[in-house]
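Take 64 as the starting number for the sequence shown in the numbering used here and just add one per residue.
No lab work stands behind these hints, which were simulated from the structure alone. These figures come from a predicted structure and were not determined experimentally. Heads up, a few of these hints could be off.
To be verified - Distance ranges between label pairs, derived from CB positions:
{"id": "1", "residue 1": "G200", "residue 2": "E179", "range": "30 to 40 Å"}
{"id": "2", "residue 1": "Y236", "residue 2": "L144", "range": "22 to 32 Å"}
{"id": "3", "residue 1": "E165", "residue 2": "R232", "range": "51 to 61 Å"}
{"id": "4", "residue 1": "L220", "residue 2": "N173", "range": "19 to 29 Å"}
{"id": "5", "residue 1": "K135", "residue 2": "Q196", "range": "42 to 52 Å"}
{"id": "6", "residue 1": "G203", "residue 2": "K119", "range": "31 to 41 Å"}
{"id": "7", "residue 1": "G131", "residue 2": "Q196", "range": "43 to 53 Å"}
{"id": "8", "residue 1": "T210", "residue 2": "G131", "range": "45 to 55 Å"}
{"id": "9", "residue 1": "K135", "residue 2": "S228", "range": "37 to 47 Å"}
{"id": "10", "residue 1": "R133", "residue 2": "L70", "range": "12 to 22 Å"}
{"id": "11", "residue 1": "Q72", "residue 2": "P114", "range": "54 to 64 Å"}
{"id": "12", "residue 1": "Q196", "residue 2": "G115", "range": "45 to 55 Å"}
{"id": "13", "residue 1": "K135", "residue 2": "T71", "range": "28 to 38 Å"}
{"id": "14", "residue 1": "R214", "residue 2": "G131", "range": "41 to 51 Å"}
Note that the Cβ used here is the ideal one computed from N, Cα and C, for glycine as well.
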Amino acid sequence: KDIDELLTQYRSERRRLAFQLDRVREAIKELRATRSDGPKSVTAPVAKRGPGRPRKNPADKTRKAKSGRRKKRTVVGGYRLSDWDNAVITSIRKADQLLPKEDILNAIANWAKKAEPQMSAADVEAKLTRVLQKLSGKRGELGTHRTGLRRGYHYGLKEWFFASSGALRKQHYDKLVLMEEKA
(Lines of atoms letter the chains of each structure in order from A and count residues from 1; the text may use other names and numbers.)
(Lines give C-alpha, C1' and ligand atoms only; values in the text may rest on other atoms or scores of the structure.)
Protein backbone atom coordinates (compact mmCIF):
# COMPACT_ATOMS: atom_id res chain seq x y z
CA LYS A 1 0.00 0.00 0.00
CA ASP A 2 2.79 2.46 0.89
CA ILE A 3 4.70 1.63 -2.29
CA ASP A 4 1.61 2.35 -4.44
CA GLU A 5 1.22 5.77 -2.78
CA LEU A 6 4.87 6.59 -3.34
CA LEU A 7 4.71 5.54 -7.00
CA THR A 8 1.60 7.67 -7.51
CA GLN A 9 3.31 10.64 -5.90
CA TYR A 10 6.45 10.22 -8.04
CA ARG A 11 4.41 9.91 -11.24
CA SER A 12 2.43 13.06 -10.52
CA GLU A 13 5.65 14.90 -9.71
CA ARG A 14 7.17 13.71 -12.99
CA ARG A 15 4.10 14.91 -14.94
CA ARG A 16 4.32 18.32 -13.26
CA LEU A 17 8.04 18.65 -14.04
CA ALA A 18 7.50 17.55 -17.65
CA PHE A 19 4.81 20.24 -17.99
CA GLN A 20 7.15 22.89 -16.58
CA LEU A 21 9.92 21.76 -18.92
CA ASP A 22 7.59 22.14 -21.92
CA ARG A 23 6.69 25.67 -20.81
CA VAL A 24 10.38 26.60 -20.48
CA ARG A 25 11.14 25.21 -23.95
CA GLU A 26 8.26 27.23 -25.45
CA ALA A 27 9.51 30.41 -23.75
CA ILE A 28 13.02 29.81 -25.13
CA LYS A 29 11.63 29.36 -28.66
CA GLU A 30 9.65 32.61 -28.36
CA LEU A 31 12.68 34.52 -27.12
CA ARG A 32 14.87 33.20 -29.95
CA ALA A 33 12.20 34.16 -32.46
CA THR A 34 11.95 37.74 -31.14
CA ARG A 35 15.71 38.10 -30.98
CA SER A 36 16.29 37.08 -34.58
CA ASP A 37 13.44 39.31 -35.91
CA GLY A 38 14.82 42.61 -34.59
CA PRO A 39 17.58 44.65 -36.27
CA LYS A 40 21.04 43.52 -35.20
CA SER A 41 22.77 46.91 -35.25
CA VAL A 42 20.53 48.51 -32.62
CA THR A 43 21.79 48.00 -29.09
CA ALA A 44 19.83 48.48 -25.93
CA PRO A 45 20.22 51.99 -24.49
CA VAL A 46 22.41 52.19 -21.42
CA ALA A 47 20.53 53.36 -18.37
CA LYS A 48 21.79 56.73 -17.21
CA ARG A 49 22.87 56.67 -13.58
CA GLY A 50 22.76 59.48 -11.12
CA PRO A 51 25.59 60.65 -8.89
CA GLY A 52 27.19 58.37 -6.37
CA ARG A 53 29.40 55.37 -6.22
CA PRO A 54 29.17 53.04 -9.24
CA ARG A 55 27.88 49.55 -8.75
CA LYS A 56 30.38 46.79 -8.19
CA ASN A 57 30.79 44.39 -11.05
CA PRO A 58 29.50 40.98 -9.89
CA ALA A 59 31.99 39.26 -12.20
CA ASP A 60 34.87 40.76 -10.20
CA LYS A 61 33.99 38.98 -6.98
CA THR A 62 36.74 36.57 -6.11
CA ARG A 63 35.43 35.24 -2.84
CA LYS A 64 31.96 34.75 -1.50
CA ALA A 65 31.00 36.74 1.57
CA LYS A 66 30.20 34.68 4.61
CA SER A 67 26.64 34.79 5.75
CA GLY A 68 25.70 35.76 9.26
CA ARG A 69 26.94 38.32 11.69
CA ARG A 70 30.58 39.30 11.75
CA LYS A 71 32.54 38.07 14.74
CA LYS A 72 33.85 40.69 17.13
CA ARG A 73 37.61 40.95 17.17
CA THR A 74 39.22 40.29 20.52
CA VAL A 75 42.72 41.38 21.32
CA VAL A 76 44.40 39.20 23.89
CA GLY A 77 47.68 40.99 24.54
CA GLY A 78 46.36 44.54 24.23
CA TYR A 79 47.36 47.07 21.61
CA ARG A 80 50.91 47.71 20.62
CA LEU A 81 51.54 51.43 20.82
CA SER A 82 53.51 53.23 18.12
CA ASP A 83 56.46 55.54 18.74
CA TRP A 84 54.12 58.51 18.36
CA ASP A 85 51.70 57.08 20.93
CA ASN A 86 54.51 56.48 23.40
CA ALA A 87 55.92 59.98 22.84
CA VAL A 88 52.55 61.60 23.60
CA ILE A 89 52.01 59.49 26.73
CA THR A 90 55.58 60.18 27.88
CA SER A 91 55.17 63.94 27.43
CA ILE A 92 52.01 63.90 29.57
CA ARG A 93 53.68 61.72 32.23
CA LYS A 94 56.76 63.94 32.29
CA ALA A 95 54.65 67.09 32.76
CA ASP A 96 52.42 65.31 35.32
CA GLN A 97 49.60 67.62 34.24
CA LEU A 98 46.56 67.63 32.02
CA LEU A 99 47.86 69.23 28.85
CA PRO A 100 46.06 70.99 26.01
CA LYS A 101 46.97 70.03 22.46
CA GLU A 102 49.31 72.98 21.89
CA ASP A 103 51.43 72.08 24.92
CA ILE A 104 51.66 68.49 23.73
CA LEU A 105 52.49 69.81 20.24
CA ASN A 106 55.48 71.75 21.61
CA ALA A 107 56.90 68.62 23.25
CA ILE A 108 56.14 66.40 20.24
CA ALA A 109 57.63 68.89 17.77
CA ASN A 110 60.98 68.62 19.58
CA TRP A 111 60.73 64.82 19.60
CA ALA A 112 59.74 64.71 15.91
CA LYS A 113 62.80 66.76 14.88
CA LYS A 114 64.95 63.83 16.00
CA ALA A 115 62.65 60.89 15.21
CA GLU A 116 61.02 62.14 11.97
CA PRO A 117 63.24 64.94 10.58
CA GLN A 118 61.60 64.85 7.12
CA MET A 119 58.16 65.86 8.46
CA SER A 120 57.04 69.46 8.26
CA ALA A 121 55.43 71.29 11.17
CA ALA A 122 51.99 70.95 9.56
CA ASP A 123 52.49 67.19 9.12
CA VAL A 124 53.54 66.85 12.76
CA GLU A 125 50.44 68.71 13.90
CA ALA A 126 48.17 66.58 11.70
CA LYS A 127 49.79 63.38 12.96
CA LEU A 128 49.45 64.55 16.57
CA THR A 129 45.75 65.26 16.03
CA ARG A 130 45.21 61.72 14.76
CA VAL A 131 47.23 60.21 17.62
CA LEU A 132 45.25 62.18 20.25
CA GLN A 133 41.96 61.11 18.71
CA LYS A 134 43.06 57.50 18.65
CA LEU A 135 44.47 57.41 22.18
CA SER A 136 41.53 59.23 23.74
CA GLY A 137 38.94 57.37 21.69
CA LYS A 138 39.07 53.73 20.70
CA ARG A 139 42.33 52.88 22.46
CA GLY A 140 41.33 54.47 25.75
CA GLU A 141 44.88 55.32 26.81
CA LEU A 142 44.14 59.00 27.45
CA GLY A 143 41.25 60.75 29.12
CA THR A 144 39.85 64.12 28.11
CA HIS A 145 38.62 67.00 30.24
CA ARG A 146 36.84 70.07 28.90
CA THR A 147 37.15 73.12 31.11
CA GLY A 148 34.80 75.41 29.22
CA LEU A 149 37.24 78.30 29.66
CA ARG A 150 39.01 77.59 26.39
CA ARG A 151 38.54 75.59 23.22
CA GLY A 152 39.43 71.93 23.07
CA TYR A 153 40.35 69.30 25.58
CA HIS A 154 42.97 68.84 28.20
CA TYR A 155 44.48 65.37 27.82
CA GLY A 156 45.62 63.24 30.74
CA LEU A 157 46.41 59.65 31.60
CA LYS A 158 43.41 57.34 31.83
CA GLU A 159 44.09 56.48 35.48
CA TRP A 160 43.37 60.11 36.39
CA PHE A 161 39.74 59.65 35.26
CA PHE A 162 36.79 57.56 36.39
CA ALA A 163 36.39 54.46 34.23
CA SER A 164 32.60 54.57 34.23
CA SER A 165 31.86 58.23 33.56
CA GLY A 166 35.19 59.46 32.17
CA ALA A 167 35.14 62.46 34.54
CA LEU A 168 38.34 63.72 36.12
CA ARG A 169 38.87 62.43 39.66
CA LYS A 170 38.83 65.10 42.37
CA GLN A 171 42.30 64.19 43.67
CA HIS A 172 43.72 65.05 40.22
CA TYR A 173 42.20 68.53 39.89
CA ASP A 174 45.59 69.95 40.90
CA LYS A 175 46.99 68.55 37.62
CA LEU A 176 44.69 70.88 35.69
CA VAL A 177 46.62 74.11 35.03
CA LEU A 178 44.51 76.65 33.16
CA MET A 179 46.83 79.67 33.04
CA GLU A 180 50.59 79.89 32.83
CA GLU A 181 51.96 81.98 35.67
CA LYS A 182 53.93 84.93 34.31
CA ALA A 183 56.90 86.24 36.29
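Query raised in the report: Going back to the hint list, which numbers does this structure go against?
Result: 1, 3, 5, 7, 9, 10, 12, 13
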